[in-house]
Amino acid sequence: MDRNFTARGNHDMGGLDGGEINRDEHDYALWEKRIDAMMMLLTNKLQIMTVDQLRKGIEALPPDAYENMTYYERWIASVTNTLLDEGVITADELATKMSAIEAEASEVG
Amino acid sequence: MARYSVGDKVKVRAAFPPTPPTHVRTPHYIRGCVGTIERICGEFGNPEELAFGRRYGPKSMLYRVRFRQADVWSGYDGAAEDHIEIEIYEFWLEPAERENAA
Chain A
-15 MDRNFTARGN HDMGGLDGGE INRDEHDYAL WEKRIDAMMM LLTNKLQIMT
35 VDQLRKGIEA LPPDAYENMT YYERWIASVT NTLLDEGVIT ADELATKMSA
85 IEAEASEVG
Chain B
1148 MARYSVGDKV KVRAAFPPTP PTHVRTPHYI RGCVGTIERI CGEFGNPEEL
1198 AFGRRYGPKS MLYRVRFRQA DVWSGYDGAA EDHIEIEIYE FWLEPAEREN
1248 AA
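If you're matching them up, the sequences are chains A and B in order.
Counting along the first sequence from 1, when you hit position 103 you're at 87 in the numbering used here, and nothing is skipped either side.
So the mapping is simple: the numbering used here equals the position in the second sequence, first residue as 1, plus 1147.
Keep in mind that the hints were calculated from the coordinates and are not lab data.
Mixed in with the good hints there might be a few duds.
Stated by the list, open to error - Here are some chain B residues the structure puts well away from chain A; computed CB gaps all over 10 angstroms: (1) A1149; (2) R1150; (3) V1153; (4) K1156; (5) T1166; (6) V1171; (7) I1187; (8) F1199; (9) R1202; (10) R1213; (11) R1215; (12) A1226; (13) E1232; (14) Y1236; (15) P1242.
Claimed, not checked - Simulated DEER-style distance windows between Cβ atoms: (16) B:A1217 with A:N28: 39 to 45 angstroms; (17) B:R1186 with A:K81: 45 to 51 angstroms; (18) A:G3 with B:A1217: 21 to 27 angstroms; (19) A:K81 with B:R1150: 17 to 23 angstroms; (20) A:E51 with B:D1218: 37 to 43 angstroms; (21) A:N6 with B:T1169: 44 to 50 angstroms; (22) A:G3 with B:K1206: 36 to 42 angstroms; (23) A:T64 with B:A1226: 42 to 48 angstroms; (24) A:L14 with B:Y1223: 44 to 50 angstroms.
All figures in this text were calculated on a predicted structure; none of them were measured in a lab.
The beta-carbon is built from N, C-alpha and C at its ideal position, and this holds for glycine as well.
Please model the complete structure; the sequences and the hints are all you need to start from.
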């Protein structure tokens, strides 16, 4: 197997041709603001995780996920994985809550 | 205590830890390059340990290091005085020979 441990991390793209920069202004959706607020609580008030853990989790995303997910989608993926890793939430609690939210959303329509 | 002083020549370690699972803040493109200490920023928690939730480990000295763009990018065709400055932790730096040492 050809393993190259000197390889650049997928996220570590300084110096590469990144193409056009989208300079359009945009607003944040409520869910994005909530994720930002959750991260502030987790890192500052509750001290359950660090911003470095957030980054580590984002950098661990598979390259196609890293490329295609939006900014706060990457955040919540990393926060979720960290909370599972740290034992703050269980996979079962996460699944139960997500089904409840899904059911609520389909009721609203 | 800071190991390096302003003006010292330093070489960024050519270490390439596989990321992930590690978290490294030293950009890939600068590893192995020689630069000059521009300022001492102070001591901060080590992000490579903080990335695993270890908040209370020893702090590390952080420096702002100045590199000539021509030393960083092969075939750089900008102005000779162009520089880039990057904040790098002490454990990523090793002493470098002075350029044009007498």
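**Prompt:** Is it the case that K1156 (chain B) keeps its Cβ farther than 10 angstroms from each residue Cβ in chain A?
**Reply:** Given a closest Cβ separation of 22 angstroms, the condition holds.
**Item:** Outside-interface status for R1215 (chain B) - nearest CB in chain A farther than 10 angstroms
**Value:** holds (15 angstroms)
**Request:** Determine whether the non-interface label on A1149 (chain B) survives the test: each CB of chain A must be over 10 angstroms from its CB.
**Result:** It holds; A1149 (chain B) is separated from chain A by about 22 angstroms at its closest Cβ, greater than 10 angstroms.
**Prompt:** Is it correct that the beta-carbon of T1166 (chain B) has no partner in chain A closer than or equal to 10 angstroms?
**Reply:** At roughly 4 angstroms from the nearest Cβ of chain A, T1166 (chain B) sits no farther out than 10 angstroms, so the non-interface label is violated.
**Prompt:** When you look at the beta carbon of P1242 (chain B), is every beta carbon of chain A farther off than 10 angstroms?
**Reply:** With a cut-off of 10 angstroms, P1242 (chain B) remains clear of chain A, as the shortest Cβ separation is near 23 angstroms.
**Status of the given 21 to 27 angstroms range, CB of A1217 (chain B) versus CB of G3 (chain A)** = Holds: the Cβ-Cβ distance is about 25 angstroms, inside 21 to 27 angstroms.
**Item:** Beyond 10 angstroms from every chain A Cβ - status for Y1236 (chain B)
**Value:** holds (12 angstroms)
**Item:** Consistency of beta-carbon spacing, K1206 (chain B) to G3 (chain A), with hint 36 to 42 angstroms
**Value:** holds (38 angstroms)
**Asked** For the pair R1186 (chain B) and K81 (chain A), does the Cβ-Cβ distance stay inside 45 to 51 angstroms?
**Response** Roughly 48 angstroms apart at Cβ, these two residues keep to the hinted range, so it holds.
**Message:** Using Cβ atoms and 10 angstroms as the threshold, tell me whether A1226 (chain B) really stays out of contact range of chain A.
**Reply:** Nearest chain A Cβ is 18 angstroms from A1226 (chain B), so the label holds.
**Asked** Checking the smallest CB distance to chain A, is E1232 (chain B) really beyond 10 angstroms?
**Response** The claim holds: E1232 (chain B) sits with its nearest Cβ about 13 angstroms from chain A, beyond 10 angstroms.
**Request:** With 42 to 48 angstroms as the target window, see if T64 (chain A) and A1226 (chain B) comply at their CB atoms.
**Result:** Because 47 angstroms falls inside the window, the suggested range holds.
When held up to the earlier numbered hints, the structure conflicts with 5, 6, 8, 9, 19, 20 and 21 and fits the remainder.
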